[in-house]
Amino acid sequence: MNHLSPEDVERFADGEITDPAIEQHLIDCAQCSSSVLQVVQMKRAIYDTMRDEKPSDALRERVTRKPLPAWWIAVAAALVLVALTPFLTRMRTQPALPELVDMHVTLLASANPVDVISTDRHTVKPWFEGRLPFTVPIPELGATPFRLIGGRVVYWRANPAAYLLVGKSAHRISVFVFRDDQAPRDLRDGPSGVSTLVWRSGGLTFVAIGQVPRDDLEQLSRAFGT
Amino acid sequence: MPLFDSLYRYARSLAGNRAEAEDLVQETFLKGLRGFGSFTPGTNFRAWMFRILRNTFLTSRSGLRAVPLEDEPELEDKFTPETHFFQRANRESLQRAIEGLPVAFREVLTLCDVENLSYKEIAETLSIPIGTVTSRLIRARQKLRVALGAS
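So the sequence lines, in the order shown, correspond to chains A and B.
Number 226 marks the last residue of the first sequence (the working numbering); no jumps.
Number 151 marks the last residue of the second sequence (the working numbering); no jumps.
The set of hints was computed from the structure by calculation and includes no laboratory data.
Careful, some of the hints might be misleading.
[What the hints assert, rightly or not] With a straight-line Cα cutoff of 27 Å, these simulated BS3-like cross-link-like pairs (lysine-lysine) come out:
no., chain 1, residue 1, chain 2, residue 2
1, B, Lys120, B, Lys31
2, A, Lys54, B, Lys31
3, B, Lys31, A, Lys168
[As the list claims (entries may be wrong)] Per label pair, the in silico range of CB-to-CB distance:
no., chain 1, residue 1, chain 2, residue 2, range
4, A, Ser33, B, Gly131, 50 to 56 Å
5, B, Thr59, A, Glu61, 23 to 29 Å
6, A, Ala58, B, Arg91, 22 to 28 Å
7, A, Ser33, B, Lys31, 42 to 48 Å
8, B, Val146, A, Ser34, 18 to 24 Å
Heads up, the beta-carbon is just placed ideally off N, CA and C, and yes, glycines get one too.
Turn these sequences into a full structure, and let the hints steer you where they fit.
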């Protein structure tokens, strides 16, 4: 093919031409490839010379300090929200067990920890009916070292839950029964000085708390038929 | 902020001095952010910002003085790369030569060689046909060769 026109030399150096015929010609023709090389060298030198122009830090500050338009604030707000989401989620699902342990301690210290006092499951179970939007399973404890003391309605985040008080010799164990969708979200175990056990069964969430070995709580949970 | 640096370099190639270039960049950012709603997603954001900067410059005092950018007389001397072999000129003389170029030539060099815009993007930025971009680039480099050859 013919030699590159001066214009094509520049256009090739600028990456504006991707023609295999021209590429082949440049491989074959020392004159044209040297012309392209000169332009490339020149481009490189211009780049090196002008690249150093840097805006001052003062300008950066001036530009970023200006009052920002509404859309920019919206974008910033969205970014902040995204950044905060894990934190907010954590806020909403604060560990619930410490609070339940507090409730356990408070209830035990109160003069009337339970509203229905009965060792008979056939008394306690009907008592909850109409007071709670779900049926509370009351375990048969006859063959276990546990005894039912009574129950009451407690509230968790404005939702009613069942509270059962169970005794084992001198110790007393609290059992909270929540409907799953109203149960505390974060029931991670934490250091509390008492034993806790969480289990789920039949759409309900159970939380047992007591100053007893954890094995006892597991034994109790089995008595609930789970 | 690479766009920030690019805008500044472009502003610097248009405006005569640092302070003016900085004012240009600041105004461009404000206009760009304010007018962001009119930016068509999918089109070249960089070219769009460059165009805002250029329009801002053209309506500024020194910009009005720099106009007309378009009506440079055609170069008389023939394009002959061999006669003006581009030496790796020392930095200062090249910088002087670039500064000595008319704005219209300096800006295409900045956009092409420093900011790496394609001819099409440059055409968009300057609102001129691609053919004009090509010839202006060629003439800009030719002028540099001549200036460096003469120095």
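Okay, the hints, checked on the actual structure:
1. Simply put, Lys120/B and Lys31/B have alpha-carbon atoms about 23 Å apart, close enough for the 27 Å limit, and the pair holds.
2. Taking the CA atoms of Lys54/A and Lys31/B, the gap is near 21 Å; set against the 27 Å cutoff, the hint holds.
3. As the CA atoms of Lys31/B and Lys168/A are separated by approximately 76 Å, the hinted pair breaks the 27 Å bound.
4. A C-beta distance of roughly 25 Å is found between Ser33/A and Gly131/B, which places it outside the suggested range of 50 to 56 Å.
5. Distance hint for Thr59/B and Glu61/A: a CB-CB separation of about 25 Å, consistent with the stated range 23 to 29 Å.
6. The hint said 22 to 28 Å for the Cβ distance between Ala58/A and Arg91/B, and at roughly 26 Å that hint holds.
7. At about 44 Å, the beta-carbon gap between Ser33/A and Lys31/B stays in the expected band of 42 to 48 Å.
8. Taking 18 to 24 Å as the suggested C-beta distance range, the pair Val146/B and Ser34/A conforms, at roughly 19 Å.
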